[in-house]
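Chemist: Heads up: the sequence lines are chains C and R, in that order. Using this note's numbering, the letters of the first sequence map in sequence onto residues 1026 to 1695. Using this note's numbering, the letters of the second sequence map in sequence onto residues 225 to 295.
These aren't lab readings, by the way, just hints derived from the structure by calculation. Some hints could be false.
In silico BS3-like links for lysine-lysine, alpha-carbon gap of 30 Å or less [said to hold, decoys possible]:
1. C:Lys1150 <-> R:Lys269
2. R:Lys230 <-> C:Lys1063
3. C:Lys1074 <-> R:Lys263
4. R:Lys230 <-> C:Lys1486
5. C:Lys1486 <-> R:Lys232
6. C:Lys1063 <-> R:Lys269
7. C:Lys1027 <-> R:Lys230
8. C:Lys1358 <-> R:Lys263
9. R:Lys263 <-> C:Lys1255
10. C:Lys1195 <-> C:Lys1062
11. C:Lys1358 <-> R:Lys232
12. R:Lys269 <-> C:Lys1241
13. C:Lys1236 <-> R:Lys232
14. C:Lys1622 <-> R:Lys232
15. R:Lys269 <-> C:Lys1211
16. C:Lys1150 <-> C:Lys1107
17. C:Lys1211 <-> C:Lys1236
18. C:Lys1211 <-> C:Lys1241
Over the 10 Å line for every Cβ pair with chain R, so calculated as not near, a few chain C residues [unchecked claim]:
19. Ser1121
20. Phe1125
21. Ala1199
22. Ala1253
23. Gly1258
24. Glu1302
25. Gly1364
26. Thr1518
27. Thr1648
Label-pair restraints from in silico Cβ distances [unchecked claim]:
28. R:Ala271 <-> C:Leu1291: 53 to 61 Å
29. C:Lys1196 <-> R:Thr238: 35 to 43 Å
30. C:Trp1425 <-> R:Asn291: 39 to 47 Å
31. C:Lys1196 <-> R:Met225: 24 to 32 Å
32. C:Gly1194 <-> R:Asn291: 22 to 30 Å
33. R:Met225 <-> C:Gly1204: 39 to 47 Å
34. C:Arg1192 <-> R:Ala271: 38 to 46 Å
35. R:Asn291 <-> C:Gly1204: 45 to 53 Å
36. C:Glu1106 <-> R:Lys230: 42 to 50 Å
37. C:Ile1485 <-> R:Asn234: 52 to 60 Å
38. C:Phe1655 <-> R:Ala271: 53 to 61 Å
39. R:Met294 <-> C:Glu1620: 55 to 63 Å
40. C:Lys1220 <-> R:Met294: 42 to 50 Å
Because the structure is a prediction, the values reported are computed rather than measured. Positions of the beta carbon are idealized from the N, C-alpha and C atoms, including for glycine.
Spelled out, the chains give:
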Amino acid sequence: MKIALAGNPNSGKTTLFNAITGRVEHVGNWPGVTVEKKEGDIKQSLNPKKENLIVVDLPGAYSMSPYTSEESITKDFVLTEKPDAIINIVDATNLSRSLFFTTQLLELGIPVVVALNKSDLTEEKGIAIDIPALSDALHCPVIQTVAAKSANNGLPELINAVITVVRSGKKQVALNIGGVRNASTKEQFEKADKKRFAVVNTIVAEVERRKVSSEKQTLQDKVDRIVAHKWLGIPIFALIIWLVFSISQTWVGPWFADTFVGWIDLLYESVAALLGEEVNPVLGALLLDGIIGGVGAVIGFLPLIMVLFFCLALLEDCGYMARVAMVMDRFFKKVGLSGRSIIPMIIGTGCSIPGVMATRTIKNERQRRTTAMLAPFMPCGAKLPIIALFAGVFFSDNSWVGTSMYFLGIVVILLGALIIRQITGDFSRSYFIMELPEYRIPSVKRAAISMLMRAKAFIIKAGTIILVSNAVVQMLQTFDWQLQVVAETAPETSILATIASPLALLFIPLGFGMWQFAAAAVTGFIAKENVVGTLAVCFGITNFIDTEELALVGGAADVSSVMGIGAVAALSYLVFNLFTPPCFAAIGAMNSELESKKWLAAAIAFQLSMGYVLAFLVYQIGTLATTGSFGAGFLGGLIAVAVIAGTIGYLMRKGSKKEQSLPEIGVVKA
Amino acid sequence: MMALSKGKINTPYTVNCINTSQEDLREFLFTLGCYPGEKVTIISKLASNYIINIKDARYSIDEDLANAIMV
Chain C
1026 MKIALAGNPN
1036 SGKTTLFNAI
1046 TGRVEHVGNW
1056 PGVTVEKKEG
1066 DIKQSLNPKK
1076 ENLIVVDLPG
1086 AYSMSPYTSE
1096 ESITKDFVLT
1106 EKPDAIINIV
1116 DATNLSRSLF
1126 FTTQLLELGI
1136 PVVVALNKSD
1146 LTEEKGIAID
1156 IPALSDALHC
1166 PVIQTVAAKS
1176 ANNGLPELIN
1186 AVITVVRSGK
1196 KQVALNIGGV
1206 RNASTKEQFE
1216 KADKKRFAVV
1226 NTIVAEVERR
1236 KVSSEKQTLQ
1246 DKVDRIVAHK
1256 WLGIPIFALI
1266 IWLVFSISQT
1276 WVGPWFADTF
1286 VGWIDLLYES
1296 VAALLGEEVN
1306 PVLGALLLDG
1316 IIGGVGAVIG
1326 FLPLIMVLFF
1336 CLALLEDCGY
1346 MARVAMVMDR
1356 FFKKVGLSGR
1366 SIIPMIIGTG
1376 CSIPGVMATR
1386 TIKNERQRRT
1396 TAMLAPFMPC
1406 GAKLPIIALF
1416 AGVFFSDNSW
1426 VGTSMYFLGI
1436 VVILLGALII
1446 RQITGDFSRS
1456 YFIMELPEYR
1466 IPSVKRAAIS
1476 MLMRAKAFII
1486 KAGTIILVSN
1496 AVVQMLQTFD
1506 WQLQVVAETA
1516 PETSILATIA
1526 SPLALLFIPL
1536 GFGMWQFAAA
1546 AVTGFIAKEN
1556 VVGTLAVCFG
1566 ITNFIDTEEL
1576 ALVGGAADVS
1586 SVMGIGAVAA
1596 LSYLVFNLFT
1606 PPCFAAIGAM
1616 NSELESKKWL
1626 AAAIAFQLSM
1636 GYVLAFLVYQ
1646 IGTLATTGSF
1656 GAGFLGGLIA
1666 VAVIAGTIGY
1676 LMRKGSKKEQ
1686 SLPEIGVVKA
Chain R
225 MMALSKGKIN
235 TPYTVNCINT
245 SQEDLREFLF
255 TLGCYPGEKV
265 TIISKLASNY
275 IINIKDARYS
285 IDEDLANAIM
295 V
């Protein structure tokens, strides 16, 4: 039995999907989180008879009339895959809009069961709904649910109702809306849809009683006026992000990291003892320094990442992020995007791949591609170890490093969007409209689950890609081209060093022209966590985190002297790694969303240039400010930067001279 | 008839028409319940954005859209 979940955006479809399947798909208290359909089996506790019950979660939609531009994934799914039943998730606090879509679902001839979700909110809002009357009016079962609750949530009743209606074999009866069946032209459909709304209004008037009219000002509106205030909006956002980084990097993270690294040290020592003295030194080094050391250096940052994801999940759950989109709309509009583009970027703070995928719902092609191209500039979870490492070693664990990288990411995105708008010569503007979800107390449980899922993915990655990368780096570093073990006094003869050295020349103007850094930057394209792992292997540092001092990065002075660069160069290296192309997996996601090889090539070239130029500016300006003269390789770097700037300038001029058609205005939906 | 952007806060207005050449915008607003004859209320004006109430939901819209909704 195949059951489809359909409903308006942010009605809680994915929350309900997770609750009945036991899966953990990304949810957020804002519209448009789900962009692809997802399938799962109903979990056993809700399916005692062990029937074959498959549920499909569909992206949210307000309507599925033909002729409306609403993407009708729902309609396509229903027509091609013929589900046995549809669960229509209706936001109980918003019947008057939601039932419009319900009446359309009823016309598909497939049994519908309405899940009246968020039923716990009706009471506090003074809404009373006559459930039997609603069920009668719609000719389908209506079950009250609270998908966000773990018990007493109405879900067993919902599944039972679905099984019962499917078993009964009855065809779904549609509402009698005049003119729908014979409508074939656009005008006829429009007329019918007006009648449809009239029918919905009649039903709502019959079954719903509101003590407080919804247009009355509420406490939520007061909060909105503060957090989305013209001047306060951005500082409040900055403060919140600073808090997130402080909690994960300075306050709570190190405490967890400390315990964790103790275990890694223990593992290192016990493996060393197990190997004993007689073991082949190359094999020993591969196992200890390459694998345990390299992977351990990355894994050591796991607690930090977990705390960060926990905080971000709380933020997404409480409804604040939709307000961020509203605050940022003003700035994004100036560069040809809209607040809609901030959603992929916020999702991208976890991982760029879902972030890039979330651009799919942006209608305007230039805006969609621009967002997909720029979203990876947000510091994703994999970049966090790099930030934490450099913040710890060179800036005594300051959380301003993470916060400023976050906002630098936003600034770079704005700048990038401006450049792309000029190059494409597409000056169209978009209307921005986005539903504002209700604020709610974020669920600690949901945040914890989301955190554990991320941790699991991170550990799997560490045990596969990162482990292999580190082992390869260790081998390349151990042998020279004659496959002889490199003498300790001549590390620069290793295969790795000879490959990376020419590349390192390019990095001299950026302040880190050493083969170790070049090698780490390259392995970073495989997975950004590799940057930390490769640095650990190349510099022979087994552990960045000190278990004695309860400091995130112990012996910071030692580490910085081993690396042999100063704070300015370190910042430059950090910027370079954050703003160059993301990992291959994210580039793959960009490839599928950009749908154009030309755009993909341009995106990668643009990201490389952006990383190079920013790192150059940070290093040279920083060096000038701290020492009074420019750093090494200034002239060479300046030429490279001038060539990049010249090329972009030329393309922008060419783009803005393009034949200007009337500015098209596209609606952005959320 | 005036644009919603000129409207006062907390005053229910009746939508007169959607003044845009973009058919898909009009259609989208229709599915939200924002079409001639329906009510719309401005809840807040913030920088260049408006928070409005249509049916029983709050939406954030920008100035361009507030100019296009005629009441």
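Chemist: Evaluate each hint against the coordinates.
Modeler: Against the structure, the hints:
no. : hint                               : in the structure
1   : C:Lys1150 <-> R:Lys269             : 24 Å, holds
2   : R:Lys230 <-> C:Lys1063             : 44 Å, violated
3   : C:Lys1074 <-> R:Lys263             : 49 Å, violated
4   : R:Lys230 <-> C:Lys1486             : 55 Å, violated
5   : C:Lys1486 <-> R:Lys232             : 55 Å, violated
6   : C:Lys1063 <-> R:Lys269             : 38 Å, violated
7   : C:Lys1027 <-> R:Lys230             : 50 Å, violated
8   : C:Lys1358 <-> R:Lys263             : 28 Å, holds
9   : R:Lys263 <-> C:Lys1255             : 27 Å, holds
10  : C:Lys1195 <-> C:Lys1062            : 27 Å, holds
11  : C:Lys1358 <-> R:Lys232             : 25 Å, holds
12  : R:Lys269 <-> C:Lys1241             : 15 Å, holds
13  : C:Lys1236 <-> R:Lys232             : 24 Å, holds
14  : C:Lys1622 <-> R:Lys232             : 50 Å, violated
15  : R:Lys269 <-> C:Lys1211             : 35 Å, violated
16  : C:Lys1150 <-> C:Lys1107            : 38 Å, violated
17  : C:Lys1211 <-> C:Lys1236            : 39 Å, violated
18  : C:Lys1211 <-> C:Lys1241            : 36 Å, violated
19  : Ser1121                            : 4 Å, violated
20  : Phe1125                            : 7 Å, violated
21  : Ala1199                            : 18 Å, holds
22  : Ala1253                            : 5 Å, violated
23  : Gly1258                            : 7 Å, violated
24  : Glu1302                            : 68 Å, holds
25  : Gly1364                            : 7 Å, violated
26  : Thr1518                            : 61 Å, holds
27  : Thr1648                            : 39 Å, holds
28  : R:Ala271 <-> C:Leu1291: 53 to 61 Å : 55 Å, holds
29  : C:Lys1196 <-> R:Thr238: 35 to 43 Å : 39 Å, holds
30  : C:Trp1425 <-> R:Asn291: 39 to 47 Å : 40 Å, holds
31  : C:Lys1196 <-> R:Met225: 24 to 32 Å : 46 Å, violated
32  : C:Gly1194 <-> R:Asn291: 22 to 30 Å : 53 Å, violated
33  : R:Met225 <-> C:Gly1204: 39 to 47 Å : 29 Å, violated
34  : C:Arg1192 <-> R:Ala271: 38 to 46 Å : 55 Å, violated
35  : R:Asn291 <-> C:Gly1204: 45 to 53 Å : 33 Å, violated
36  : C:Glu1106 <-> R:Lys230: 42 to 50 Å : 48 Å, holds
37  : C:Ile1485 <-> R:Asn234: 52 to 60 Å : 53 Å, holds
38  : C:Phe1655 <-> R:Ala271: 53 to 61 Å : 41 Å, violated
39  : R:Met294 <-> C:Glu1620: 55 to 63 Å : 37 Å, violated
40  : C:Lys1220 <-> R:Met294: 42 to 50 Å : 23 Å, violated
In this structure, the hints that do not hold are numbers 2, 3, 4, 5, 6, 7, 14, 15, 16, 17, 18, 19, 20, 22, 23, 25, 31, 32, 33, 34, 35, 38, 39 and 40, in rising order.
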